[in-house]
Amino acid sequence: MKIFVVTGQTATGKTKLAFNIAKKNKGDLINCDSRQIYKYLDVVTGKDIDKDWRFISIKKSGHFDIGYYQKMTKTVAQKSINDFKNQLPDYPKIWLYDIITPNQSFSSYDYVQCANYVIDYLLNQKKTPVIVGGSYFYLKHLLYGIETEKIPPDWNLRKNLARKKVKELQKILLTIDPATYQKLNHSDLNNPHRLIRKIEIASAKNQLPLKPSSRPQGLIFQKGYSIKIYGLRFKKKADLVSAIKKRIEQRLAKGALNEAKKILNMGFQTSDSGLKTIGYQPLFAYLNHQISLKEAINRWQTAEVQYAKRQETFMKKDKNIIWRQL
RNA sequence: GCCGAGGUAGCCAAGGUGGUCACGGCGGGGGUCUGAAAAACCUCAGAUGUCAGUUCGACUCUGACCCUCGGCA
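Its first residue numbered 104, the first sequence is counted upward by one per residue in the working numbering.
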């Protein structure tokens, strides 16, 4: 059973490659972009769908809405899907867009659950999963598994700890789990998010009886799967920058500003987790007359370029990625 | 042309009665990464407009010059 993965830097044309692979292998795309998972964040996140596509939900579990986008022919798009099910064009579907709303929380663990569900679903239908996206954190967990115990977020704890200074968090961790504390590097030691997570794990361990960690395994360790992981990246930084600039212009032309406005009108807060997505904050600042449009665009571009660099730093440690330079 | 303000790294910017060649922020380079990840965090590099003078010593004082920004003309 074949599984393809297309990952890499932003703005490298991952989706296009994924579509080509899917067409040749009777496949569907499975989104692995942590932003396109949100409903309503369409233009700024660059979802590759337009009016011809329709969302079909196949499973709602908890607050997750798992489904796919299906390309329609012009006439079909206007009528009921059921009447035309057999006439739909044979075109790869896109799974795992629009799972949650921008104010809902979603973790890499959640992603792995959703993705595995869809992968099984497709393999059962003898279809080829083509996982596509640049959220390597999600991808890493999907491919290689999550070794730590499955300790869910403790929102009360997080809320309390969020008010504390880094030094205090360090002290707490040092007290309840000195072994973990000693292993922290300089970066993690000053990272409130990660300190809080470590404290969360340590205090859960203290409360629950320690069970032998049943090592959940990632896709890559499962027998019978042949997985190819492609990574796209630019050879020259100047090309990355111009690709990003061009894409932002296109997204603005497609109505990125209206989308930002619409999202605020829907009642979402600028602090909602989905709206930490690159692009929205500067657009909000512009809409509030805090900065010029030019400044907003600059900030957006800079943030994208910085993100692309972080992606590469993270991904290049993965020796299973087959790189294609652009 | 005159009056005023000012010229500190790619950008913004602090400073001091002259004395380890200078606080920060952004941007840039390099990293971290196992239930927030398009997040959060770590780390490195880089500067006193030009020329002269005073002084043991000037980025800091003096003068000239060159620019920039206001106002007057």
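FYI, nobody ran anything at the bench for these hints, they're computed from the structure.
Just so it is clear, the structure is predicted and the values come from calculations on it, not from any experiment.
Cβ coordinates follow ideal geometry from the N, Cα and C atoms, glycine included.
There could be a bad hint or two in this list.
[To be verified] Here are the simulated lysine-lysine pairs, BS3-like style, with alpha carbons at most 25 Å apart:
#, residue 1, residue 2
1, K127, K230
2, K126, K154
3, K364, K379
4, K326, K230
5, K412, K348
6, K162, K150
7, K129, K150
8, K174, K162
9, K422, K326
10, K243, K397
11, K340, K119
12, K129, K326
13, K365, K348
14, K127, K142
15, K412, K339
16, K331, K420
17, K412, K243
18, K349, K150
19, K331, K230
20, K326, K412
21, K286, K267
22, K286, K339
23, K349, K286
[Claimed, not checked] Label pairs and their in silico Cβ distance ranges:
#, residue 1, residue 2, range
24, T176, T416, 40 to 48 Å
25, G116, E271, 16 to 24 Å
26, I249, G165, 31 to 39 Å
27, N361, K262, 28 to 36 Å
28, K274, K163, 12 to 20 Å
29, I249, T278, 19 to 27 Å
Structure-based check of all given hints:
As the CA atoms of K127 and K230 are separated by approximately 11 Å, the hinted pair is consistent with the 25 Å bound. Between K126 and K154 the alpha-carbon distance is near 21 Å, which keeps this suggested pair within the 25 Å criterion. For the hint pairing K364 with K379, the CA-to-CA distance comes to about 15 Å; that is within 25 Å, so the pair holds. The hinted pair formed by K326 and K230 meets the criterion: a straight-line CA distance of about 18 Å does not exceed 25 Å.
A C-alpha spacing of about 15 Å is found between K412 and K348, which places the hinted pair at or below 25 Å, so the restraint holds. As the CA atoms of K162 and K150 are separated by approximately 21 Å, the hinted pair is consistent with the 25 Å bound. Proximity of K129 to K150 is assessed by CA-CA distance (about 21 Å); at most 25 Å being required, the pair is judged to hold. Pair hint K174 plus K162 holds up; C-alpha atoms about 19 Å apart against a cutoff of 25 Å.
Distance restraint check for K422 and K326: the Cα-Cα separation of roughly 19 Å lies within the 25 Å cut-off, and the hinted pair is therefore satisfied. With a C-alpha separation of about 36 Å, the suggested pair K243 and K397 falls outside the 25 Å cut-off, and the hint is violated. Between K340 and K119, the direct Cα distance comes to roughly 21 Å. Compliance with the 25 Å bound is thereby established for this hinted pair. The straight-line distance between the Cα atoms of K129 and K326 is roughly 21 Å, inside the 25 Å bound, and the hint therefore holds.
Using a Cα cut-off of 25 Å, the hinted pair K365 and K348 holds, with the two alpha carbons roughly 23 Å apart. Taking the CA atoms of K127 and K142, the gap is near 29 Å; set against the 25 Å cutoff, the hint is violated. Only pairs whose Cα atoms come within 25 Å are accepted, and K412 paired with K339 is accepted, the gap being roughly 12 Å. For the hint linking K331 to K420, the alpha-carbon distance of about 16 Å falls within 25 Å, and the restraint holds.
Restraint check for K412 and K243: satisfied, since their Cα atoms lie roughly 17 Å apart, inside the 25 Å limit. At roughly 16 Å between alpha-carbon atoms, K349 and K150 fall within 25 Å of each other, so this suggested pair holds. Only pairs whose Cα atoms come within 25 Å are accepted, and K331 paired with K230 is accepted, the gap being roughly 15 Å. At most 25 Å may separate the alpha-carbon atoms for a hinted pair to count; K326 and K412 exceed this at roughly 33 Å.
A distance of roughly 21 Å separates the Cα atoms of K286 and K267; the hinted pair therefore holds under the 25 Å criterion. Annotation: proposed proximity of K286 to K339 is violated, straight-line Cα distance about 36 Å (limit 25 Å). Note on K349 and K286: the hinted pairing is violated, with a Cα-Cα distance of about 43 Å set against a maximum of 25 Å. As the Cβ distance of T176 to T416 is approximately 43 Å, the hint placing it in 40 to 48 Å holds.
Checking the proposed 16 to 24 Å range against G116 and E271 shows it is violated: the Cβ atoms sit about 46 Å from each other. Between I249 and G165 the Cβ separation comes to about 19 Å, which falls outside the hinted range of 31 to 39 Å. The hinted window of 28 to 36 Å between N361 and K262 holds, with their beta carbons roughly 34 Å apart. With their beta carbons about 43 Å apart, K274 and K163 fall outside the hinted range of 12 to 20 Å.
Under the hint 19 to 27 Å, the C-beta atoms of I249 and T278, about 26 Å apart, fit the expected range.
In terms of the numbered hints stated before, the structure departs from hints 10, 14, 20, 22, 23, 25, 26 and 28, listed from lowest to highest.
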